[in-house]
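Protein sequence lines correspond, in order, to chains Z and A. Under UniProt numbering, the first residue of the first sequence is numbered 1, with each subsequent residue one higher. Under UniProt numbering, the first residue of the second sequence is numbered 1, with each subsequent residue one higher.
Hints are supplied without guarantee of correctness; some may be wrong.
[What the hints assert, rightly or not] Some chain Z residues near chain A, calculated using beta-carbon distances under 10 Å:
1) MET249
2) ASP254
3) GLY257
4) ALA287
5) GLU290
6) LEU318
7) GLY320
8) GLY323
[To be verified] Taking lysine-lysine pairs in the DSS-like style, the calculated list, with each CA pair at most 25 Å apart, reads:
9) LYS331(A) <-> LYS219(Z)
10) LYS337(Z) <-> LYS303(Z)
11) LYS375(A) <-> LYS251(Z)
12) LYS369(Z) <-> LYS251(Z)
13) LYS219(A) <-> LYS331(Z)
14) LYS251(Z) <-> LYS303(A)
15) LYS331(A) <-> LYS337(Z)
16) LYS53(Z) <-> LYS106(Z)
17) LYS276(A) <-> LYS251(A)
18) LYS400(Z) <-> LYS91(Z)
19) LYS66(Z) <-> LYS178(Z)
20) LYS360(Z) <-> LYS375(A)
21) LYS251(A) <-> LYS360(Z)
22) LYS251(A) <-> LYS337(A)
23) LYS106(A) <-> LYS91(A)
24) LYS251(Z) <-> LYS369(A)
25) LYS400(A) <-> LYS303(A)
26) LYS331(Z) <-> LYS91(A)
27) LYS89(A) <-> LYS251(Z)
28) LYS303(Z) <-> LYS369(A)
29) LYS373(A) <-> LYS337(Z)
30) LYS251(Z) <-> LYS276(A)
31) LYS91(Z) <-> LYS219(Z)
32) LYS219(Z) <-> LYS251(A)
33) LYS337(Z) <-> LYS400(A)
34) LYS331(Z) <-> LYS360(A)
35) LYS337(A) <-> LYS219(Z)
Derived from the structure by calculation, the hints contain no laboratory data. Just so it is clear, CB atoms sit at the ideal spot from N, CA and C, and this is done for glycine as well.
Number of protein chains: 2
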Amino acid sequence: MAAPIEFLQFVDDNADAFIQRLSDAVAIPSISGDASHRGDVVKMAEWLNDHLKAVGVETQLVDLGKHVMDGEELNLPPAILGRIGNDPKKKTVLVYGHFDVQPANKSDGWDTDPFTLTIHEDGRLIGRGSSDDKGPVLGWLNILQYHFQSNKELPVNLRCCFEGMEESGSEGLDDLVKKESQPGGWFDGVDCVCISDNYWLNTRTPALTYGLRGLAYFKLTVSGPGRDLHSGVFGRTVHEPMTDLVTLMSKLVDGQGNILVPGIDEMVEPPTESEKAIYERLDYSIADVEQSAGGQIAISSNKVDVLMGRMRYASLSLHGIEGAFSGVGAKTVIPAKVAGKFSIRLVPPQTPELVEPLVKAYLEAEFAKLNSKNKFSIESLHGGKPWLADVNHWNFEAAKAATRAVYHQEPDLTREGGSIPVTLTFAESLGVNVLLLPMGRGDDGAHSTNEKLDRSNFIEGTKLLGTYLYEVAVIQ
Amino acid sequence: MAAPIEFLQFVDDNADAFIQRLSDAVAIPSISGDASHRGDVVKMAEWLNDHLKAVGVETQLVDLGKHVMDGEELNLPPAILGRIGNDPKKKTVLVYGHFDVQPANKSDGWDTDPFTLTIHEDGRLIGRGSSDDKGPVLGWLNILQYHFQSNKELPVNLRCCFEGMEESGSEGLDDLVKKESQPGGWFDGVDCVCISDNYWLNTRTPALTYGLRGLAYFKLTVSGPGRDLHSGVFGRTVHEPMTDLVTLMSKLVDGQGNILVPGIDEMVEPPTESEKAIYERLDYSIADVEQSAGGQIAISSNKVDVLMGRMRYASLSLHGIEGAFSGVGAKTVIPAKVAGKFSIRLVPPQTPELVEPLVKAYLEAEFAKLNSKNKFSIESLHGGKPWLADVNHWNFEAAKAATRAVYHQEPDLTREGGSIPVTLTFAESLGVNVLLLPMGRGDDGAHSTNEKLDRSNFIEGTKLLGTYLYEVAVIQ
Ligand SMILES: [Zn+2]
Ligand SMILES: [Zn+2]
Ligand SMILES: [Zn+2]
Ligand SMILES: [Zn+2]
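Chain Z extracted, bound-state conformation (with noise of 0.2 Å):
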């Protein structure tokens, strides 16, 4: 079922006041990771909420208790639930957001204030939060303000959940949707989840997002002396830490990008004639990862190879050594304790508990190989499972038409290399289909400088979220 003809006139008639409104909700700084800015996510959760009720939403702000950050105790921003609709014979559909934003300083390098929402002439909608999330959740409350205004029924039970500390690791977060994924809880009854917080893989195609990766990261520490020594004086009568910790570092991953720890690339399975045409229909090229890395240095000079390295393998990367000498100059240091750091991007079937044991009985055989009278250890300091949708179960079937029908082409179907930690809660909380149904393009520069959200994918995302849910109503 296409979007009723009102609809998508009504977006196009208010497009300036949707941007007036972006504006005043660019205009309060929400940044979670900032203690001092902790009473604008709360201001900000308060905006969204009065907004939200504004348009015939029943809603709760939930207060998620407290936290300590930056040896501070503070109250977490609450969480708005959200409901709208209640007809049994629809379905009912869960939308995430967030509505804390990355910190921004003028003195980063902004072209403009980040907190005034800038209209340049090219239509980029410059300001922090523009794209990263405040466009995408503007976009369900001008959806329902269109329902609001001309008494109509939404097609669907709609659920919201905005959450105030996305950028600071969903505090809080995961026990609220565990808890009201419960009968009787605020989800209960969804039947598909849809979150907007990613973007397109160019700057030209809409795109579905069906996969993330997930992650296991590692510290590895190698110790001996007592203190930092002076190279003059123990050079070649001890056994240097740093030698045996590069050694073993250089012994994880190559150049071309494959990961040398036996058993980790074999867990995933090659990818069929089908799943390469994927790629191959993708529209993006080696120049446009070379643009966006900012170098000529794509691993491949095949296209389908460096989307799979981003999108369908494992990576492994070597973050940096702590410990060891990272000043500038020349300092004849033979440090005491160095602990590399690395992580492996995760793909299905590879979780944390599957990678972290092989990693572990590897490192260590290689360790004792040294000959080597230092000590060894590693550690995980942290993990996540990786994720992947149906492409082909209704959720994304009706994304699709909907961007057909707004877009006029085929959406990209896109894995993401990196995680959105919320994605894995709601799949597995309420064992549903979840879809991600990006607004912003490519080059939006989420926790950049210069963030911006083209109005024309504002109006038209906000077409794109809103046919989303008639073509959810009727698709079988």
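Once you've looked at the hints, dock chain A with the ligands against the given chain Z.
Just chain A with the ligands, lined up with the frame of chain Z:
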């Protein structure tokens, strides 16, 4: 010729006064590396100059000009040149020492105020500079005081060179030494040099030092992306600089200390049996090296191998990485530009000029093997030649005879693993034998907290330096 019994008696009789004078010197916090103490270094120069003049030395305070430290232009403290005796029938000995000290704060972990010489009941004279290098400098003063007070001529012509910037790179000294080594200069006619500014190998056995290692310090840079990347988005899509850098660093040295750069270890002749015997004789054990390293990590259980590793072989140490993640915690960054720091301690016939091309060619070839699209560069940050003296020269024979006379033992013949650059300057400018004749013990803690000089080392060390002059006077 043994030193006069009256001299030895004078030293014993005046021990408390000598210690009081050392206490006065330690009380002047002549920290050359701290701009706010520059006045104290000048004060210390004037204090020493006055004391030298008071015992009949003709002196000159030499203005060494200005330098910039921590962005501030400062006057360098003056060097002190001294001269006593000009008898063509006598040998002429140049002695060197420094009157500046390392920084020290009680809060660094000192048990007592670092600039108040504290006399411990076990005989330790605790205070910054007690051993490095005010004790030895005052040892020469003690000797001169005896000759002045008893109206005796020194057995040699003496030249002094005392500086106040040793702990800060001996700024200005090289030019002064070269200038004064010319005909008509203060050092014209010098027959040998004696530097008392290092330490015994252990706490039991006097030592003569005849070698120092040189240094070649390298910075190996790999870069690729235009900025730091997120491993979720870019992991396995681009050549990661850290992967390349760690691979290259792992190819420099193995866990047993062997340098893997072809041609470097090979430059060094294997030790002869008689040379090995020198190391066998040294009063040192694996336990000594492990105690001073603070860990049971000696690279071999063979004492000769460990000592040769420090003294007569080159060593390669990996110091750290600039530009990578070096903090605590977990950060999933792909650093855009990383620079590995490592250095090679050199022994004859190695020089920076010989070693640097080998390192660069090897790393360039290894980088080429990686088939990486990243950028690679290798630069030399600084270097210095190794130094080795003839232990059978009369200068060393005189010191051996003096050691037997004062300590009733054969000295350890040692080479140091580090550098004392001024040694090479004297050797090359004057073309004469240079002897390192330490006063303090291996556990004095120069540059560390609770620096000390044992009372017996100060008093017997004064006798040693004096007796050395008498032995030099007669030896053929
Ligand atoms: Zn977000
Ligand atoms: Zn974000
Ligand atoms: Zn010194
Ligand atoms: Zn020193």
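Do the hints match the structure? See the list:
Contact between MET249(Z) and chain A, as hinted, is supported at the beta carbon level, the nearest pair being about 5 Å apart and thus within 10 Å. At its closest, the beta carbon of ASP254(Z) sits 7 Å from a beta carbon of chain A; the interface hint therefore holds under the 10 Å criterion. Here the hint on GLY257(Z) is kept, as its CB sits about 4 Å from the closest CB of chain A, short of 10 Å. A hinted interface residue such as ALA287(Z) counts as satisfied when its beta carbon comes closer than 10 Å to some beta carbon of chain A; here the least separation is about 13 Å, so the hint is violated.
Because the closest C-beta pair between GLU290(Z) and chain A is about 8 Å apart, less than 10 Å, the hint holds. Interface hint at LEU318(Z): satisfied, since its Cβ lies 4 Å from the closest Cβ of chain A, which is below the 10 Å cut-off. Annotation: interface hint on GLY320(Z) holds; nearest CB of chain A at approximately 3 Å, less than 10 Å. A distance limit of 10 Å between C-beta atoms decides the matter here; for GLY323(Z) the minimum to chain A is near 8 Å, and the interface restraint holds.
Annotation: proposed proximity of LYS331(A) to LYS219(Z) holds, straight-line Cα distance about 11 Å (limit 25 Å). At roughly 42 Å between alpha-carbon atoms, LYS337(Z) and LYS303(Z) are farther apart than 25 Å, so this suggested pair is violated. Between the alpha carbons of LYS375(A) and LYS251(Z) the distance comes to roughly 22 Å, so the proposed pair stays at or under 25 Å and holds. Only pairs whose Cα atoms come within 25 Å are accepted, and LYS369(Z) paired with LYS251(Z) is accepted, the gap being roughly 12 Å.
Using a Cα cut-off of 25 Å, the hinted pair LYS219(A) and LYS331(Z) holds, with the two alpha carbons roughly 11 Å apart. Between LYS251(Z) and LYS303(A) the alpha-carbon distance is near 32 Å, which puts this suggested pair outside the 25 Å criterion. Our distance criterion of 25 Å between C-alpha atoms is met by LYS331(A) and LYS337(Z), whose separation comes to about 19 Å. In summary, the hint linking LYS53(Z) to LYS106(Z) is not supported, as the alpha carbons are separated by about 34 Å, beyond the 25 Å threshold.
Annotation: proposed proximity of LYS276(A) to LYS251(A) is violated, straight-line Cα distance about 29 Å (limit 25 Å). Taking the CA atoms of LYS400(Z) and LYS91(Z), the gap is about 18 Å. The hint holds against a cut of 25 Å. For the suggested pair LYS66(Z) and LYS178(Z), the alpha carbons sit about 19 Å apart, so the restraint of at most 25 Å is met. A hinted pair counts as satisfied when its Cα atoms are at most 25 Å apart, and LYS360(Z) with LYS375(A) does not qualify at roughly 32 Å.
This hinted pair checks out: LYS251(A) and LYS360(Z) have alpha carbons roughly 23 Å apart, not beyond 25 Å. Straight-line distance between C-alpha atoms of LYS251(A) and LYS337(A) comes to about 20 Å, which keeps the hinted pair within the 25 Å bound. Between the alpha carbons of LYS106(A) and LYS91(A) the distance comes to roughly 45 Å, so the proposed pair goes past 25 Å and is violated. A threshold of 25 Å between alpha carbons decides the hint, and for LYS251(Z) with LYS369(A) the separation of about 16 Å falls inside it, so the pair holds.
Our distance criterion of 25 Å between C-alpha atoms is met by LYS400(A) and LYS303(A), whose separation comes to about 24 Å. This hinted pair does not check out: LYS331(Z) and LYS91(A) have alpha carbons roughly 41 Å apart, beyond 25 Å. Distance restraint check for LYS89(A) and LYS251(Z): the Cα-Cα separation of roughly 68 Å exceeds the 25 Å cut-off, and the hinted pair is therefore not satisfied. Simply put, LYS303(Z) and LYS369(A) have alpha-carbon atoms about 23 Å apart, close enough for the 25 Å limit, and the pair holds.
Simply put, LYS373(A) and LYS337(Z) have alpha-carbon atoms about 32 Å apart, too far for the 25 Å limit, and the pair is violated. A threshold of 25 Å between alpha carbons decides the hint, and for LYS251(Z) with LYS276(A) the separation of about 37 Å lies outside it, so the pair is violated. Restraint check for LYS91(Z) and LYS219(Z): not satisfied, since their Cα atoms lie roughly 46 Å apart, outside the 25 Å limit. A distance of roughly 22 Å separates the Cα atoms of LYS219(Z) and LYS251(A); the hinted pair therefore holds under the 25 Å criterion.
Between LYS337(Z) and LYS400(A) the alpha-carbon distance is near 41 Å, which puts this suggested pair outside the 25 Å criterion. For a cut-off of 25 Å, the pair hint linking LYS331(Z) to LYS360(A) stands: about 20 Å separates their Cα positions. Note on LYS337(A) and LYS219(Z): the hinted pairing holds, with a Cα-Cα distance of about 21 Å set against a maximum of 25 Å.
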